[in-house]
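Chain residues, written in single-letter form:
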Amino acid sequence: MSKVVLPTKGPLLSGKGWTVFFVALIVVCAVAPMLNLLVPRESMFYMSDYAVALVGKIMCYAICALAMDLIWGYTGILSLGHGMFFALGGYMMGMYLMRQIGRDGNYKSDLPDFMVFLDWKTLPWHWTFSDSFVMTLILIVAVPGLIAFVFGFFAFRSRIKGVYFSIITQAMTFAAMLLFFRNETGFGGNNGFTDFKRILGIPIATQEMRMTLFALTGATLLGFFLFSKWLIGSKFGRVLQAIRDAETRVMFSGYNPLPYKLTIWVISAIMCGVAGALYVPQVGIINPGEMSAANSIEIAVWAAVGGRATLIGPIIGAFIVNGAKSWLTVAYPEYWLYFLGALFIAVTLFLPNGIVGLVRKWRSKDKKALSDGRLEAQRALAASEGVEPSALPPIAVEPKGARA
Amino acid sequence: MLRRLLHSALLAALLAATGAHALTVDEARAIASGDTEARIAALDKAVLTADEKTAAFIQAMADDAVKYTADKVFVMKDDKGYDPVTGVEAKVPDDAEDVVNNNLMRGAFDAAQAVLQLTSKDEKVRAEAAQALLKEPSESRLPAVERALAAETNPSIKAQLELVRAASMLNSADAAKRIDAAKALAERKSPDIKLLLNQRLADETDAGVKSAIVASIERIDGALVWGDRINAVFSGISLGSVLLLAALGLAITYGLMGVINMAHGELMMIGAYATYVMQGIFQRYVPESMFGLYLVAAIPVSFLAAALVGAVLERGVIRFLYGRPLETLLATWGISLMLQQMVRSLFGAQNVGVENPGWMSGGFTMLSNVTLPWNRIGIIIFAVLVLLAMGWLIGRTRLGLFVRGVTQNRPIASCMGVNTARIDTYAFALGSGIAGLAGCALSQIGNVGPDLGQSYIVDSFMVVVMGGVGQLAGTVYAAMGLGILNKFIEGWAGAVLAKIAVLVFIIIFIQKRPQGIFAMKGRSAEA
Chain A
25 MSKVVLPTKG PLLSGKGWTV FFVALIVVCA VAPMLNLLVP RESMFYMSDY
75 AVALVGKIMC YAICALAMDL IWGYTGILSL GHGMFFALGG YMMGMYLMRQ
125 IGRDGNYKSD LPDFMVFLDW KTLPWHWTFS DSFVMTLILI VAVPGLIAFV
175 FGFFAFRSRI KGVYFSIITQ AMTFAAMLLF FRNETGFGGN NGFTDFKRIL
225 GIPIATQEMR MTLFALTGAT LLGFFLFSKW LIGSKFGRVL QAIRDAETRV
275 MFSGYNPLPY KLTIWVISAI MCGVAGALYV PQVGIINPGE MSAANSIEIA
325 VWAAVGGRAT LIGPIIGAFI VNGAKSWLTV AYPEYWLYFL GALFIAVTLF
375 LPNGIVGLVR KWRSKDKKAL SDGRLEAQRA LAASEGVEPS ALPPIAVEPK
425 GARA
Chain B
5 MLRRLLHSAL LAALLAATGA HALTVDEARA IASGDTEARI AALDKAVLTA
55 DEKTAAFIQA MADDAVKYTA DKVFVMKDDK GYDPVTGVEA KVPDDAEDVV
105 NNNLMRGAFD AAQAVLQLTS KDEKVRAEAA QALLKEPSES RLPAVERALA
155 AETNPSIKAQ LELVRAASML NSADAAKRID AAKALAERKS PDIKLLLNQR
205 LADETDAGVK SAIVASIERI DGALVWGDRI NAVFSGISLG SVLLLAALGL
255 AITYGLMGVI NMAHGELMMI GAYATYVMQG IFQRYVPESM FGLYLVAAIP
305 VSFLAAALVG AVLERGVIRF LYGRPLETLL ATWGISLMLQ QMVRSLFGAQ
355 NVGVENPGWM SGGFTMLSNV TLPWNRIGII IFAVLVLLAM GWLIGRTRLG
405 LFVRGVTQNR PIASCMGVNT ARIDTYAFAL GSGIAGLAGC ALSQIGNVGP
455 DLGQSYIVDS FMVVVMGGVG QLAGTVYAAM GLGILNKFIE GWAGAVLAKI
505 AVLVFIIIFI QKRPQGIFAM KGRSAEA
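For the record, the sequence lines run as chains A and B. Residue numbering for the first sequence follows the working numbering, beginning at 25 and increasing consecutively. Residue numbering for the second sequence follows the working numbering, beginning at 5 and increasing consecutively.
Excised from the complex, chain A in its bound form:
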């Protein structure tokens, strides 16, 4: 009887990986804010408010892309409903911010302006906790998490998967969007929430507050990245990948996929909710448009562009696509959709493993060339620096489940 050798569990990040991680953390939490606050405007190192706001926003998107990678890249479940979880987190934060306006609104009322406008006398029941920051923080996690749990429980229990699951999540988001567009649901209808003034009593428009939010977003993104990395490396993560590649076989091996799928689905939804909550105070508006089908699909595209099942890829993808978006929509507004559309097609046709996959391909070619020649020494050197497999998550094979 041959002995089955399981791959040994590598460290969370290699030595070099940790260095990169800490550099990123310092850049996000200290250097960028300092470049904005302390460096004089004339200096070439000055980071404009616009740039900070943009990067802050994209970091929120990157959290969504990371969440998408967990559920799509590693579990093979394409969600077209992540826009809804993002918006739910945003709305929870938005409700708190609306209450923080206090009597400084246009109507000088305790109620948010839009309620005065609709001639409402009291707060609706679901606004009960919106004046407490702690409760808001809990709700940001609880609301998307609970909705994801209920929806996921029923969907996974009746073994809805693949395309069916995608389409149903899209219908769910669509229904939620219609609901939030209504005035009487108490979420500000079409206009959503805007005109925020302060958070925890501190004015929201100050540069210091912006930098704090920026640093917080960056730290959250990096924290989630580390968490995802740990999760994927754990036994739990391995089962997820097994479900992705051959769910039936996993079941025949005695595993029940339901709790695994449900857990990762809820985690992923919560991550999106947190991203939404960080996004709203930085952008200053939340409305039902965030729940449109297009937004959810775009999250999938960020993940696909960067490279699925790589964790770092989706983050890169979010930065590249949104960077291009903010540049193109200003420079050539009419070409943005052509670009985005072409990107969708090009990635699916030519880059099934995304940018990270492409980079790996080049590197492995290089390595092959190196080993073919007389440069064994250099290869050994590279290995000693920790570039070798332990630093890179394994994706030698095209994830089968992700396609079916």
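Read the hints as simulated data drawn from the structure, not as lab findings. Careful: at least some of the hints might be erroneous.
Sample of chain A residues facing chain B (criterion: CB under 7 Å; computed from the structure) [what the hints assert, rightly or not]:
| no. | residue |
| --- | --- |
| 1 | S182 |
| 2 | V187 |
| 3 | I191 |
| 4 | R206 |
| 5 | L361 |
| 6 | F368 |
| 7 | I369 |
| 8 | L375 |
| 9 | I379 |
Because the structure is a prediction, the values reported are computed rather than measured. From the three backbone atoms N, C-alpha and C, an ideal C-beta is built for every residue, glycine too.
On the provided structure of chain A, position chain B as indicated by the hints.
Relative to the frame of chain A, chain B by itself:
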């Protein structure tokens, strides 16, 4: 004979007594300034003795072309002031103010104009005026209605005027008159009369009148209930055929071929824009009498346009992605974005106007509260025709046989000498062409704009998934079922909540029957 003589004598006496006397300056000022209630009272009084000048003045008031000072009123025309009584040009002082009309005032002007039109020589104008007055009944206009009633010769307008009289008396101070009015109104079984009675019931204090009104409302309800049912079923079937048209093409591209075609909505959009282009061509190059035929010409054009785009997409992108449904989803979504932008670049970001041809506008009146619009009837018939044509094409022709063969067992079909790649292209083009036909039909009932496809894509997928993938009959049942369900919920919950309820229903339904209404029989363990 004697009766008629008596009538005309009475009429002559009436006219002599009231006598159409000319508009006076005081009257004009009372209508133009003061608080709303006093103005309406003055207006109603002036209407009873109106002449052409009064009519012209009321028109000017309704057009916001009147200014006033403390003692004078001016009708404004091309920045010059005219005296409303003499019609002579007059200098407008700088402190003259514009007349401001609120909605109540505008309603009173409409009613006043309707009263004036009651004496028109044109029967159509009189009938319309009577119709309009029924919406704004007021006791103050009663004398004018009585007079018109005495002079009216057309029996249908007369009946209408009698209703107006009854409706006007409904607010009378005399309780006996109110009871008579309520009874008289019950003769006409229409929703607007019911609305009038309900409005009165809310303010009514007299118990006798109340019971008379309630009895009348019940009589009307008894007659209306069937109309409501027919309306709900008809609009349900009509919505169902829209859903069916939108989903039929997808039943081929997604149901048979397994391509998650997110650009399906945009192929419909292409069909709708093809219809718009055909309309433009007919407007420009074809005699006006033939204009109504543009829609007929647009049917093949929209099919071919969408089919061509579909064929190009299949050859260029989709064929490389067969068997990878989630990737077809992403790629076709990209295609849909590009097609939307293309339409924006070509036709602008705004919606374009597509007119109903003459034979599609108007409707067929079945009951007092049931009018079936021709364009809706047209869509139902069209959906049935498209369905039959598609059923025949897939079930009875050689091409259909090949399509079925290739989708069921590609290797065997290939061994039998079928060019499977070409069949894929044909099948995809067929599905796209049917989407184009749907777009052509939708151009007759909704907005045609770059977002057209987005509003139907979720619905289309819901219908196909619900019906059971690859099942034509299931698609039909799902479309009709969802359409009718939607309209019935809409009756008591409103359009948006109905839509949400239906989506939630579908989500639950799919939980119970993941394979749709008709499950595909087979042994495949994987969905």
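Interface hint compliance - A/I191 to chain B, C-beta minimum distance less than 7 Å: For A/I191, the interface hint holds, since the closest Cβ of chain B sits about 5 Å away, which is under 7 Å.
Per-residue hint verdict: A/R206, partner chain B, C-beta under 7 Å: holds, 6 Å
Supplied contact hint for A/F368, tested at 7 Å Cβ to chain B: Result: holds, 3 Å to nearest chain B Cβ.
Interface hint status, A/S182 versus chain B (Cβ within 7 Å): holds, 5 Å
Hint check: 7 Å Cβ-Cβ cutoff, A/L375 to chain B: Result: violated, 11 Å to nearest chain B Cβ.
Status of the hint placing A/L361 at chain B (closest C-beta pair under 7 Å): A/L361 check passes; min Cβ-Cβ to chain B is 4 Å, inside 7 Å.
Interface hint compliance - A/I369 to chain B, C-beta minimum distance less than 7 Å: holds, 5 Å
Restraint check, 7 Å cut-off on beta carbons, for A/V187 near chain B: holds, 5 Å
Satisfaction of the A/I379 interface hint, Cβ to chain B closer than 7 Å: violated, 15 Å
The structure shown violates the earlier hints numbered 8, 9.
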